Amino acid sequence: MKEYRTITSIAGPLVFVEKTEPVGYMELVNVILADGTVKRGQVLDTSEKLVALQVFETTAGIDTHCRIRFTGEVIKMPVSKEILGRILSGSGEPLDGGPEIVPEKRLDVTGAAINPYARDNPSEFIQTGVSTIDGMNTLVRGQKLPIFSGSGLPHNDLALQIARQAKVLGAEEAFAVIFVAMGITAEEAQHFMNDFERTGALERAVVFLNLADDPAIERLITPRLALTTAEYLAYEHDMHVLVILTDMTNYCEALRQIGAAREEVPGRRGYPGYMYTDLASVYERAGRIRGKMGSITQIPILTMPGDDITHPIPDLTGYITEGQFVISRELHRRGIYPPVNVLPSLSRLMNSGIGVGKTREDHKAVSDQLYAAYAEGKDLRGLVAIVGKESLSDRDKTFLEFADAFEDKFVRQGYEEDRSIEYTLQLSWDLLATLPEAQLTRIDRKLIEKYHPAHVAKKVAEPVPAASS
Amino acid sequence: MEVGQKGRIYRVAGPVVTVTGIEAKMYDLVKVGDEGLMGEVIEIDRDKFIIQVYEDTSGLKPGEPVENTGLPLSVELGPGLLSSIYDGIQRPLPVLNKRLGDFIERGVAAAGLDHSKKWDFVPEAKPGDEVRGGQSIGYVQETANLKHKIMVPPNKTGMIKTIEQGEYTVDDVIATLDDGTELKLMQEWPVRVSRPVSEKLMPDTPLVTGQRILDALFPVAKGGTAAIPGPFGSGKTVAQQQLAKWSDTQIVVYIGCGERGNEMADVLTEFPELEDPQTNAPLMDRTVLVANTSNMPVAAREASVYTGMTVAEYFRDMGYDVSLMADSTSRWAEAMREISSRLEEMPGEEGYPAYLAAKLAEFYERSGRVKTLGGDEGSITVIGAVSPPGGDFSEPVTQNTLRIVKVFWALDSKLSQRRHFPSINWLDSYSLYTQNLAEWFVDHVAGDWEGLRMRAMAILQKESELQEIVQLVGSDALPDDEQLTLEVARMIREYFLQQNAYHEVDTYCPLQKQHDILAAIMVYDDLARNALNMGKLVDDIINIPAKAELAQIKFEEEYGSRLEEIETAMRTELA
Ligand SMILES: Nc1ncnc2c1ncn2[C@@H]1O[C@H](COP(=O)(O)OP(=O)(O)OP(=O)(O)O)[C@@H](O)[C@H]1O
Ligand SMILES: [Mg+2]
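Respectively, the protein sequence lines represent chains Y and S. Residue numbers for the first sequence, in the numbering used here: 2 to 470. Residue numbers for the second sequence, in the numbering used here: 189 to 763.
Please note that a few of the clues may not be correct.
[What the hints assert, rightly or not] Below 25 Å or equal to it, Euclidean Cα-Cα: the simulated BS3-like pairs (lysine-lysine) are:
hint	chain 1	residue 1	chain 2	residue 2
1	Y	K359	Y	K293
2	Y	K379	S	K602
3	S	K249	Y	K77
4	S	K724	Y	K398
5	S	K314	S	K344
6	S	K335	S	K305
7	S	K306	Y	K20
8	Y	K410	Y	K390
9	Y	K398	Y	K379
10	S	K650	Y	K379
11	Y	K168	Y	K359
12	Y	K82	Y	K390
13	S	K602	Y	K398
14	S	K344	S	K650
15	Y	K447	S	K602
16	S	K249	Y	K3
17	Y	K293	Y	K106
18	S	K594	S	K388
19	S	K602	Y	K390
20	Y	K50	S	K236
21	S	K249	Y	K20
22	S	K286	Y	K106
23	S	K602	S	K559
24	S	K249	Y	K50
25	Y	K293	S	K335
26	S	K335	S	K388
27	S	K314	S	K286
28	S	K219	Y	K50
29	S	K194	Y	K50
30	Y	K20	S	K194
31	S	K335	S	K314
[As the list claims (entries may be wrong)] Here are some chain Y residues pointing at chain S (derived, C-beta under 8 Å):
hint	residue
32	L85
33	L347
34	A373
35	D445
[To be verified] Not the full set, but computed from the structure, chain S residues with beta-carbon under 8 Å of chain Y:
hint	residue
36	V200
37	S482
38	Q659
39	L660
40	G662
These are calculated hints, taken from the structure and not from any lab test. Since the structure is predicted, the reported quantities are computational estimates derived from the model, not experimental observations. By construction, the Cβ of each residue, glycine as well, lies at the ideal position given by its N, Cα and C atoms.
With these hints in hand, go ahead and build the complete structure from the sequences.
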């Protein structure tokens with residue numbers, strides 16, 4: 002191993018070193034302080050004489066006399082099946098006082114891209130028991146579907162509820178949860194851990210913790226360690242892995258910090274121009290591979306700065322992920338949980354996960370109709386504020402009332418309430434039945450005749466069971 | 189330039205590698221490092237050559253060897269292109285999958301075409317024939333519906349000395365010219381150079397897409413250019429895939445440029461199962477896919493649009509109509525920006541290189557309806573998706589694209605949020621081809637086509653004006669005839685413009701059906717206004733049962749008799 006004492010300059014998280022032997026791009030480097038402390042870093046730029054490193058921990062305490070050891074290899078994650086149930090730091094060191102992980106393998110954390118030709122289409126419906134998700138923004142196995150939230154909103158509760166209730170109907174398969182904390186508070190992290198412990202999920206979980214007071218630059222590596230572990234469990238041990246990444250906003254801040262330290266030309270709002278590519282190298286590690294049993298489903302959580310969905314962090318994320326759940330401050334203020342605003346929410350893989358043989362034939366049409374009707378009802382609220390309810394037509398009044406009922410019955414549900422998809426669809430029909438039938442233009446006539454409560458009632462000549470909430 | 193000479197790596201920073209010790213030209217292809225990673229010379233600074241490398245550079249060290257091939261980045265063109273899926277530099281993904289497994293490791297070269305497969309060559313020229321570049325000398329029946337013409341490469345000309353018939357690989361000589369030139373089933377062409385044509389022609393035929401809003405309101409011509417900008421989730425990819433599925437061209441080149449892996453997997457599973465409405469053959473048979481997803485190397489993403497375009501030009505040169513979809517051109521522009529910033533070039537607007545506009549223009553200029561060197565007519569229609577940050581169309585890529593393209597399909601998140609798909613905003617979008625193409629529609633579909641189109645647009649325009657008033661006073665305050673206008677506009681939006689890409693019938697709407705639905709809405713409009721004049725109540729007019737039936741027509745395959753019944757019913761109900 003090559004060792005040098007030739008640091009020439011230090012700027013923020015960057016350290017510049019002169020050296021004589023060739024050093025590889027992205028190589029792992031140890032910086033050894035006078036007192037023996039070792040800090041880890043990575044090569045960002047290498048030329049014949051000079052190397053630029055980014056140090057994952059703070060550069061506090063580093064001076065030009067420190068020793069620099071080039072390891073000759075890129076960063077690797079030691080993995081083994083024993084890793085389940087373990088709590089690790091943001092750089093993969095055990096935090097739980099347990100034994101060192103005896104690695105079965107050491108895998109490159111950068112992770113090569115999945116060959117698109119080797120990908121299998123995610124199409125297995127995951128029932129989360131949450132109506133706004135299952136009914137209108139269905140999650141499927143192998144999808145990457147983030148939660149766009151704001152500070153102070155209950156995104157963590159929603160993520161936990163999904164993690165707790167998620168199941169593939171009629172399947173008993175090995176699953177695991179990988180929880181990746183990036184720059185969240187100890188309190189938030191504890192909230193997750195308590196819930197995992199309460200439900201026994203911890204045994205099937207791997208936890209990576211980089212908390213708010215941990216080094217910011219370390220966050221750049223944490224999700225990669227976690228996803229390398231996820232790939233190992235999914236593709237070598239046939240497990241269905243759910244990866245929760247929170248908070249991606251902190252990850253992006255770390256990215257911006259490095260960019261600024263390198264004096265790069267900044268992109269929008271100071272974030273580096275390559276942030277899209279960088280985020281893609283995290284998010285695209287979700288999916289399914291043909292011929293493999295396991296899968297990786299990602300639920301990244303991010304807090305939108307200023308609740309602005311056009312901010313580069315949610316914007317670039319939305320351009321990569323397969324949809325998003327958007328948490329609404331307005332619904333939250335009105336006491337509705339889970340405050341999912343369905344209108345800007347989307348699941349792009351919904352169509353391959355629903356329908357005949359998966360959920361039910363009317364699922365897509367019902368969902369489209371709910372969207373259209375709710376959007377119209379919400380528009381009318383704005384109008385009512387100006388012209389008053391009296392000047393609405395009868396037709397418009399039904400839409401206005403529909404929007405209220407929709408939020409109250411469909412969106413609102415309990416933190417522990419686990420609704421079946423049949424229940425969610427029944428609830429949808431009951432709500433749609435309050436609209437004039439001729440207004441249900443998104444739904445095929447045949448489906449209306451088969452499922453509309455008025456028709457069902459005619460057919461069986463007995464009242465439909467009312468939905469309880 | 190010396191071929192095969194060895195240089196050394198001087199510096200590595202991301203996908204940009206600086207080397208010394210070679211003598212290279214701009215855009216020469218070089219092999220970098222012990223693993224021979226492919227790269228291209230993009231800047232020369234005295235004795236230093238700056239290379240963009242198409243593969244991941246982790247672990248690459250200064251001092252490792254570099255070899256110059258002396259050739260520009262080229263693609264292999266010949267039988268076997270159809271139904272292929274390539275990465276950005278024409279490496280077949282199935283071959284990489286076989287050799288490397290499920291993940292794309294680096295340092296593997298793979299030829300674009302299968303060099304061992306034999307094709308049945310049928311000659312159409314004979315010894316003694318004078319041939320020019322671009323002229324076809326025979327063909328290979330590549331798929332049931334496509335004769336893959338074997339053309340003399342553009343820069344060659346002469347007299348045929350020998351010509352073979354029978355089974356050959358792409359490397360076998362199938363003909364020789366009197367000057368000794370050997371012709372093969374395959375030719376190579378540098379991707380950054382457009383293939384020559386004899387003349388550019390004016391586009392005069394529509395690209396029929398089966399998408400109502402596109403064909404009826406904002407058509408693109410064969411050989412034309414269109415852009416689809418829109419925020420995330422507004423429907424760019426679905427629109428591009430719909431076009432790839434249903435456009436009436438013989439060849440489709442689909443470039444997934446910096447987008448999602450699952451979307452390419454989706455195309456790969458779906459296209460072989462779907463039928464081309466023109467030929468009933470599997471759609472995959474006419475398709476070439478280029479997939480350089482967002483997590484694949486960014487330099488290869490930059491190259492991918494040129495790879496796709498060169499393949500498109502090659503089929504155009506055979507006299508075919510080709511449509512090319514690039515999803516998304518913004519990712520390509522960002523790749524240029526990333527490389528440019530690593531070169532520490534002076535940035536232009538929003539960090540994009542100053543040559544962004546020029547590169548976009550060059551790319552779209554490779555489209556067009558042309559007379560080929562061989563004397564046929566062919567075309568390339570280019571449809572580019574644009575992904576503006578924050579959905580803001582004032583950003584450089586959208587703006588520079590709009591300066592070039594003739595058709596603008598503006599996606600609108602307000603529409604997509606209420607699941608109005610395709611969420612193309614009918615007020616913001618435009619097509620500069622409508623005038624030129626009107627005659628074609630009148631001749632081939634219906635005499636009143638242009639009239640219906642203009643009437644529908646006028647109603648939609650009127651609706652938006654009325655909506656402003658409604659926002660202030662409520663719809664009940666409008667006079668009856670204006671309430672009727674709002675209702676007819678609603679019908680146009682819901683019964684006609686909305687089209688569900690996932691509905692087995694609605695996904696493709698033949699031109700005649702497009703016409704018939706729109707005509708029926710106008711029949712209602714006439715009858716309703718008449719009824720209003722006769723003193724019928726507007727609420728009753730709006731609520732006639734036959735009108736609701738009309739909403740269902742788009743979902744029905746055999747709609748003719750049903751539509752007649754509806755029209756009869758409307759006449760009775762509104763009498
Ligand atoms: N014509 C359509 N019919 C039905 N659904 C559609 C249609 N167009 C779009 N959608 C819906 O909208 C979703 C998003 O569309 P799409 O993936 O094409 O967006 P996009 O603009 O390409 O987004 P991104 O920029 O993030 O790639 C689709 O998953 C689908 O659910
Ligand atoms: Mg897309």
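Just to be careful, I want the Cα atoms of K249(S) and K77(Y) compared with a cutoff of 25 Å; is the pair within it? Holds, at roughly 18 Å.
Going by Cβ atoms only, is L660(S) closer than 8 Å to chain Y? It holds, given that the least Cβ distance between L660(S) and chain Y is near 7 Å, below 8 Å.
Per the CB criterion, is Q659(S) less than 8 Å away from chain Y? holds (6 Å)
Quick one, are K602(S) and K390(Y) close enough, alpha carbons at most 25 Å? holds (24 Å)
For a C-alpha distance cap of 25 Å, please report whether K82(Y) and K390(Y) respect it. violated (62 Å)
K650(S) and K379(Y): Cα distance at most 25 Å? holds (23 Å)
Given the hint that K410(Y) pairs with K390(Y), does the C-alpha gap stay at or below 25 Å? holds (22 Å)
Taking only the CA atoms, is the gap from K314(S) to K286(S) under or equal to 25 Å? Violated, at about 41 Å.
If you draw a straight line from the CA of K249(S) to the CA of K50(Y), is it 25 Å or shorter? OK: K249(S) and K50(Y) at ~12 Å, within 25 Å.
25 Å Cα cutoff - pair K602(S), K398(Y): Holds, at roughly 22 Å.
Holds or violated: K293(Y) with K335(S), Cα cutoff 25 Å? Violated, at about 39 Å.
CA of K602(S) to CA of K559(S), is that 25 Å or under? violated (43 Å)
Going down the numbered hints, you'll see the structure goes against 7, 12, 14, 15, 23, 25, 27 and 32, while the others check out.
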